[in-house]
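Produce the entire structure from the sequences given, and follow the hints as far as they go.
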Amino acid sequence: MVPPVLEVDDLNTTYQRRVVLDAIDLSVDGPALVAIVGPNGAGKSTFLKSILGLVPCTGSVRVLGQPIDSVRRRIGYVPQRESVDWDFPVSVGDVALMGTYGRLGWFRRPGAAERRVAQECLSRVGLDGLEDRQIGRLSGGQQQRTFLARALAQQADVYFMDEPMAGVDASTQAVIFDLLDELRDAGKTVFVVHHDLRTVASRFDRVVMLNRRLIAAGPMAEVFTTENLQQTYDSQFVTLDEAIACSATTR
Amino acid sequence: MGLTVWTIVIGTTAAAACSLVGCYLVLRRLSLLGDAISHAVLPGLVAAFLITGRVGGWPAVLGALIVGVLTSVLADIVHRRTGVPEDAGLGVVFTSLFALGVVLLGLADGTDLDPGCVLYGLIELAPLDTAPVFGLEVPRTLLTLVPVLLITIGLFVLFWKEVQLTAFDPAHAVAAGIHAGLIHHAVLALTAGVIVASFEAVGSILVVAMLVVPPVTAGLITRRLHHLMPMAVFFATTAATGGTLLATWWNTSVAGMMAVVAGVQLGCLLAVSSVILGERQSRGERGVSPGR
Ligand SMILES: Nc1ncnc2c1ncn2[C@@H]1O[C@H](COP(=O)(O)OP(=O)(O)O)[C@@H](O)[C@H]1O
Ligand SMILES: [Mg+2]
Chain A
125 MVPPVLEVDD LNTTYQRRVV LDAIDLSVDG PALVAIVGPN GAGKSTFLKS
175 ILGLVPCTGS VRVLGQPIDS VRRRIGYVPQ RESVDWDFPV SVGDVALMGT
225 YGRLGWFRRP GAAERRVAQE CLSRVGLDGL EDRQIGRLSG GQQQRTFLAR
275 ALAQQADVYF MDEPMAGVDA STQAVIFDLL DELRDAGKTV FVVHHDLRTV
325 ASRFDRVVML NRRLIAAGPM AEVFTTENLQ QTYDSQFVTL DEAIACSATT
375 R
Chain B
13 MGLTVWTIVI GTTAAAACSL VGCYLVLRRL SLLGDAISHA VLPGLVAAFL
63 ITGRVGGWPA VLGALIVGVL TSVLADIVHR RTGVPEDAGL GVVFTSLFAL
113 GVVLLGLADG TDLDPGCVLY GLIELAPLDT APVFGLEVPR TLLTLVPVLL
163 ITIGLFVLFW KEVQLTAFDP AHAVAAGIHA GLIHHAVLAL TAGVIVASFE
213 AVGSILVVAM LVVPPVTAGL ITRRLHHLMP MAVFFATTAA TGGTLLATWW
263 NTSVAGMMAV VAGVQLGCLL AVSSVILGER QSRGERGVSP GR
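Taken in order, these protein sequences are the chains called A and B.
This note's numbering numbers the first residue of the first sequence as 125 and each following residue consecutively.
This note's numbering numbers the first residue of the second sequence as 13 and each following residue consecutively.
Note that these hints are calculated values from the structure, not bench results.
Among the clues, some could well be false.
What the hints assert, rightly or not - Some chain B residues judged to face chain A by a derived CB distance under 8 Å, without partners named:
| hint | residue |
| --- | --- |
| 1 | L39 |
| 2 | R152 |
| 3 | F168 |
| 4 | L170 |
| 5 | L177 |
| 6 | H184 |
| 7 | V186 |
| 8 | A188 |
| 9 | G189 |
| 10 | I190 |
| 11 | L237 |
Stated by the list, open to error - Using C-beta positions, here's what the derived DEER-type ranges look like:
| hint | chain 1 | residue 1 | chain 2 | residue 2 | range |
| --- | --- | --- | --- | --- | --- |
| 12 | A | G177 | B | L282 | 37 to 47 Å |
| 13 | B | T234 | A | G264 | 44 to 54 Å |
| 14 | A | A298 | B | D99 | 36 to 46 Å |
| 15 | A | R240 | B | P242 | 24 to 34 Å |
| 16 | A | D153 | B | T107 | 17 to 27 Å |
| 17 | B | L44 | A | M125 | 47 to 57 Å |
| 18 | A | G165 | B | T107 | 31 to 41 Å |
| 19 | A | P180 | B | D99 | 14 to 24 Å |
Every residue, glycine too, gets a C-beta built ideally from N, C-alpha and C.
This is the structure we're talking about:
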């Protein structure tokens, strides 16, 4: 039997005694595009970081049926753009190449094969010709694509993306959605923290609704309901349409 | 060989080593960590002296390595446990360790260990204390400085991939299975070793200057990490050479003059780059990055 792509059991994360994630239980089968939604400060980024072992937490997390440390080479991560140092002296090409480093292991240097992979990934996100540009000198959409290219270069089976559509233009958003479809069709599972409720139902297969606790998780049609949205967003909205309209205007 | 030549050799070796580790600190926005470490290592130096009876040399570098690791690990614990910012955690740890060093120094009273000498070494006198190497009288301080520089270069070359990832995006590095925490603490320990090996010869003020100024200067003219380090070394060594020559000419403090030349390099490039940026902006190009 194929194990679930992600299996989380009683996950608790606290920052300096403040509980940010409270007893999360979750099991997700792949391949799928999984949207993670919830209000600001709900702990969505923390959830991804907890799964990836980037913040101290308790409970058990298994990815592809194994502890995270055994499957790191099969995992790709796109951090939230706020966490990136845009003044850092690296070019678009450098960043994409960095995606290949994890697979290389100690002492081996990236060679022609790795450069080719990085170049292909840049082409897939439409950044040909920008290889030598410093990352601070890109538009928001180009910046986001650069980090997607790095994740693609990781040649992973499971991806975790933290708000890849934040601050991007419409054309970049279309590129990203096409890329997500490609990844799913290639048998991969992608977890995407996503703020735009308008596109959640149409572009994703599954949804995880989070607000410190797990409100609901499962196939879109069963779970993405008005009632669950009200609970997730602290009853700010009365109807699904209202919630969706609001998510469109606040961003 | 002439004294001035030896002074230049000592100065450039120390400056090169400092500027290399300084690049990492500046990129991680931890530049003042160098200053913190240069104080925090005092108990390591004193302990090394109490055990071996010798000031400086390899025992001091070893003591500094140990205390350097201790500093970064303790600071990390304070930062994680209390949630105070990383630099505040360091502030707590390095002042405590420095105080511990001062107390230890009191216990070692009556010996010839002079804190002024430990912390402010005199580059003018360094060439006079020599040891024979293959029949050539070489300043003793180079026997630690040169290996420390070579080790620094060797480690950066060997672990270039890991250092690059750790400096740029530690969270992504860890997620991808790179031991970013280990690399970070290793670089900080190396920094402690470089600092101690250097300030025995050139003094802590110059060490802090060489940790920060050449990497910042290099950062003004390059947008690529693998150019940054060689350029920082270039600015550091030219500042050391120019500083020695000017100081000899004007008969003033060598270490001071080296730091001044490094500062002048930075000032000149800043002026040039702001002129270029200004022109670009007036042509309507986007010259500055959108920030963090
Ligand atoms: N490093 C941290 N230390 C302390 N608190 C944090 C830290 N990171 C996030 N938080 C807090 O944890 C909560 C959840 O944050 P986050 O996971 O970033 O939420 P989201 O991504 O859903 O907006 C927020 O209240 C935030 O202020
Ligand atoms: Mg977030």
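Which numbered hints turn out to be false for this structure? 2, 3, 13 and 16
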